[in-house]
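Visitor: Now for the letters of each chain:
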Amino acid sequence: MKKKVGFNLRSICGEHIIVAEGKENIDFSKIISMNETSAYLWEALEDKEFTADTLANLLTEQYEVEFETALKDCSELLVNWQEAGIIELKLPNDNC
Amino acid sequence: MFKVLAKLGVNLATLAQHALIRRRRATMSHNFIIAEHGVSIIFENATPNDGTLIQSMDPFRVNDEPKNLLLKLFVTNDLQPISPEDTELIRDIDTGNGMTLVDVLPSGGYQFHIRNVQGNLCCLLHTNKDFSICRCKLEGDFTMRNFGLNNALMLSYAFAGSFQQTLLIHASLVRHQNKGYAFTAKSGTGKSTHVSLWLRYIPDCDLMNDDNPIVRVIDGKPYIYGSPWSGKTPCYRNIKAELGSISRIDRAKENSVEQMRPIEAFASLLPSCSTMKWDKAVFNNTVEIITKIIETSKVYTIHCLPNKDAALLCQQTIAK
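Residue numbers (my numbering), protein chains in the order written: chain A, 1 to 96; chain B, 1001 to 1320.
These are computed hints drawn from the structure, not numbers from a lab.
Wrong hints could be hidden among the right ones.
[Unchecked claim] Cβ pair distances, simulated, as ranges:
#, chain 1, residue 1, chain 2, residue 2, range
1, A, A84, B, T1095, 23 to 31 Å
2, A, K4, B, E1288, 40 to 48 Å
3, B, L1313, A, S29, 27 to 35 Å
All C-beta atoms in this analysis are idealised placements derived from N, C-alpha and C, irrespective of residue type, glycine included.
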């Protein structure tokens, strides 16, 4: 999976939000609110491709949490992100 | 013979005078200060266009070219559209007053085709990247050219202003005890109605603007200004006030007022401000100014009926 381009993390009065920008996102008018953990993951991912495993690993690096627990939470988070429309599945033949 | 020459002489003199006047009129500058930013409008080979097109700007007029010039807008007949092969199409945008086609120029600046609600072209506008230098060509009858020029100016001002912590907000603005209270709402929800209730029932109130006031954050403090753009209400006032608050009006069956949390406030303000989502620099400016406004002032939701009690409750809550 990949973060959609133009979905940038911003901070307002100490709270984290994702605001879409760019020509591709003119019609995306939602503002996504993120908690501390979610915001940390979003930043840490940079532009890299990722799976639930990637997120879980990032979580265990930063927080005291078992990998299995982290994985379960991250799988749920991925569903949330997908529903919010801020990530995209990378197609297998994308590089062709 | 002498008579003829004399006559010819007079005619020549008159002609020379005409030529002089014509030359002087070929370039005509008008200078303004809007929300403490200098703006110059220069008519250059622009016949029949002249200052009569911008009468709503009169309260903002100054004699000399301001030192802190935000933008220069040239009105000229010597402007040709750049063909689609050389531009990047952004899209045709519904401004609420007609469609505006937006293209990116090879220079990184913009081309706008501003049309009225009938779909007729009123203005072709070219800008540089930061909207400090803009050129436009006006089309159609007086009403169309007036519409075209005012829109070109509003748009250029909004985007040039974004680089100077300045924002155009779609709101109705009332002044009460020297502070400005702005009201936003979806079209037709009744921001003007709510403001008219303040004017009627609350002492020490006057209308600052009814459509597009200007917000600036100066040294960490938010201010709000009247502007030459006021929608259908001709209220073009060159005045400034501390920003009291910004409130979003929601029609409801009962009157109540609540302060928004920062994220709600952001989501409420962003769609009310003039910006360009596709332009990284301008959009980033807009987001930063909105963030500063939220950090330094209060944003409310007003659930209200269109009645006197709504205005009174609102004033008691937000104008403490």
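Visitor: State for each hint whether it applies.
Guide: The hints, checked one at a time:
Under the hint 23 to 31 Å, the C-beta atoms of A84/A and T1095/B, about 29 Å apart, fit the expected range. Restraint check, K4/A to E1288/B: a C-beta distance of roughly 22 Å breaks the suggested window 40 to 48 Å. Between L1313/B and S29/A the Cβ separation comes to about 30 Å, which falls inside the hinted range of 27 to 35 Å.
Comparing the model with each numbered hint stated earlier shows that hint 2 is the single one that does not hold.
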